[in-house]
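Asker: Could you put the whole structure together from the sequences, leaning on the hints where they help?
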Amino acid sequence: MHELRIAEDLAAIVVEIARKEDLSKVTKVCLAFGQLVQIVPDIFDSAFRITVMGSVAADAELAIEILPVKLRCRSCGNDFSLEGNLFSCAVCNSTDIDIIQGKEMFIKSIEGE
Amino acid sequence: MEIKIMKNILDRNQNKAAEVRDLLARKNVLMVNFISSPGAGKTTLLECTLDKLTKNFKIGIIEGDITTDRDAQRLKRFNVPIVVINTEGGCHLDSHSISKVLGCFDLDNLDAILVENVGNLICPSQFDLGETFKIAVVSITEGDDKPEKYPMIFREAKAVIVNKTDLLPYTNFSNDSFTSDLKKINDRITRFDVSCTRGDGLSGWYKWIDGEIRNRYFKT
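One line per chain: the protein sequences are A and B, in this order.
Taking the working numbering, I'd label the letters of the first sequence as residues 1 to 113.
Taking the working numbering, I'd label the letters of the second sequence as residues 1 to 220.
Derived from the structure by calculation, the hints contain no laboratory data.
What you are looking at is a predicted structure, and each value in this text was computed from that prediction instead of being measured.
One thing to keep in mind: the hints can contain errors.
Unchecked claim - Negatives, chain A to chain B, calculated, CB over 10 angstroms:
(1) Ile13
(2) Val15
(3) Asp45
(4) Met53
(5) Gly54
(6) Ser55
(7) Ser75
(8) Asp79
(9) Phe80
(10) Gly84
(11) Ala90
(12) Cys92
(13) Thr95
(14) Gln101
(15) Glu104
(16) Met105
To be verified - In silico lysine to aspartate or glutamate, EDC-like type, Cα no more than 20 angstroms apart, as pairs:
(17) Lys4(B) / Glu21(A)
(18) Lys20(A) / Glu2(B)
(19) Lys70(A) / Glu156(B)
(20) Lys7(B) / Asp45(A)
(21) Lys7(B) / Glu21(A)
(22) Lys184(B) / Asp79(A)
(23) Lys16(B) / Glu21(A)
(24) Lys7(B) / Glu16(A)
In this text, a Cβ means the ideal position worked out from N, Cα and C, and glycines have one as well.
Answerer: So, in structure tokens, the structure goes:
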């Protein structure tokens, strides 16, 4: 369900950029979502279709990249990937962990003419 | 033509949340965002909590509800300021809706605002309201798999309340499995096992939230 609200904010950004860049048509929108955001790409695509209906981005293709979770131990500096929801450091056992990738909701670029 | 952007899609929400946080810090008001599935017992928890907290503090309530004001009606008897935000189908509150209703409160005369978010474990965890911290509420009857399925809220919450412990004998909820999954995701989270209908375990929660409100003095 949160896909719809995020798609609304995305549509507003895309339309605003198209206006600034004087695009008559947006053909592609490239996005990156962190894995922890739990976006379902197909649902997000459907939500985006609804929010851009009748706008310059109505026919834009969506390219969604899902970014895996990357963690950093604040005690020993070890960088590691999230496996099995385990937010603790395999090197020093610390649970003081920063999420350095995995919560993103980024628009990377748009293409248009 | 390709235009590179690299912009956070939820920038608008984040910026407004930062404004809300700043305002509440200046007014020295703690804001707690309660997040759970529908039916976990957020409103009952608020009933119990208001009963205790209103003896010592001035509390305001923001009730996020999809269409009704039924939860707010249940809290009326405590004579605290309550504002309902109907999301009209939306599955979560956002910082703009919070910012709009803050004007309904006399912030100079409040110690804390308790926000009951819309019942949902995914969406509310993505939208910063400008709160001081989040509380996750889960119940025994939902099953023990919630931390594993919805890690983000358990990662982000300062405390988790496990409600309906009185129903434990009637379910297959595995406390070991829940505890082990929760520990993996957030070993530092504060946990309270309670039954809001029977009152079990609530004294620890009252003491903790009382301390959080008393020690809220923000550095501005």
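Asker: Could you let me know if the closest chain B CB is still more than 10 angstroms away from the CB of Gln101(A)?
Answerer: Its Cβ never comes within 10 angstroms of chain B, the nearest being 14 angstroms, so this holds.
Asker: With d taken as the least Cβ-Cβ distance between Ser55(A) and chain B, does d exceed 10 angstroms?
Answerer: holds (16 angstroms)
Asker: Does the claim that Met105(A) lies off the interface hold, with its Cβ farther than 10 angstroms from every Cβ of chain B?
Answerer: The claim is violated: Met105(A) sits with its nearest Cβ about 4 angstroms from chain B, within 10 angstroms.
Asker: Decide if the proposed pair is consistent with the structure: Lys4(B) and Glu21(A), CA atoms, cutoff 20 angstroms inclusive.
Answerer: Status holds; Cα separation ~12 angstroms.
Asker: Beyond 10 angstroms on every Cβ pair: is that true for Ala90(A) relative to chain B?
Answerer: Non-interface label stands for Ala90(A): nearest chain B Cβ at 12 angstroms, farther than 10 angstroms.
Asker: Would Cys92(A) pass as off the interface with chain B, using Cβ distances and a cut of 10 angstroms?
Answerer: holds (13 angstroms)
Asker: Are Lys184(B) and Asp79(A) close enough, with their CA atoms no more than 20 angstroms apart?
Answerer: holds (17 angstroms)
Asker: For Val15(A), which was marked as not at the interface, is the minimum beta-carbon distance to chain B over 10 angstroms?
Answerer: For Val15(A), whose nearest Cβ neighbour in chain B is about 13 angstroms away, the distance exceeds 10 angstroms, so it holds.
Asker: Taking C-beta pairs only, is Gly84(A) more than 10 angstroms away from all of chain B?
Answerer: Answer for Gly84(A): violated, closest chain B Cβ roughly 7 angstroms.
Asker: Over 10 angstroms from every CB of chain B: does Met53(A) meet that, or does the non-interface label fail?
Answerer: holds (18 angstroms)
Asker: Lys7(B) and Glu21(A) were given as a pair; does the straight-line alpha-carbon distance stay at or below 20 angstroms?
Answerer: holds (16 angstroms)
Asker: Is it the case that Ser75(A) keeps its Cβ farther than 10 angstroms from each residue Cβ in chain B?
Answerer: holds (13 angstroms)
Going through the hint list in order, the structure does not satisfy hints 1, 10, 13, 15, 16 and 23.
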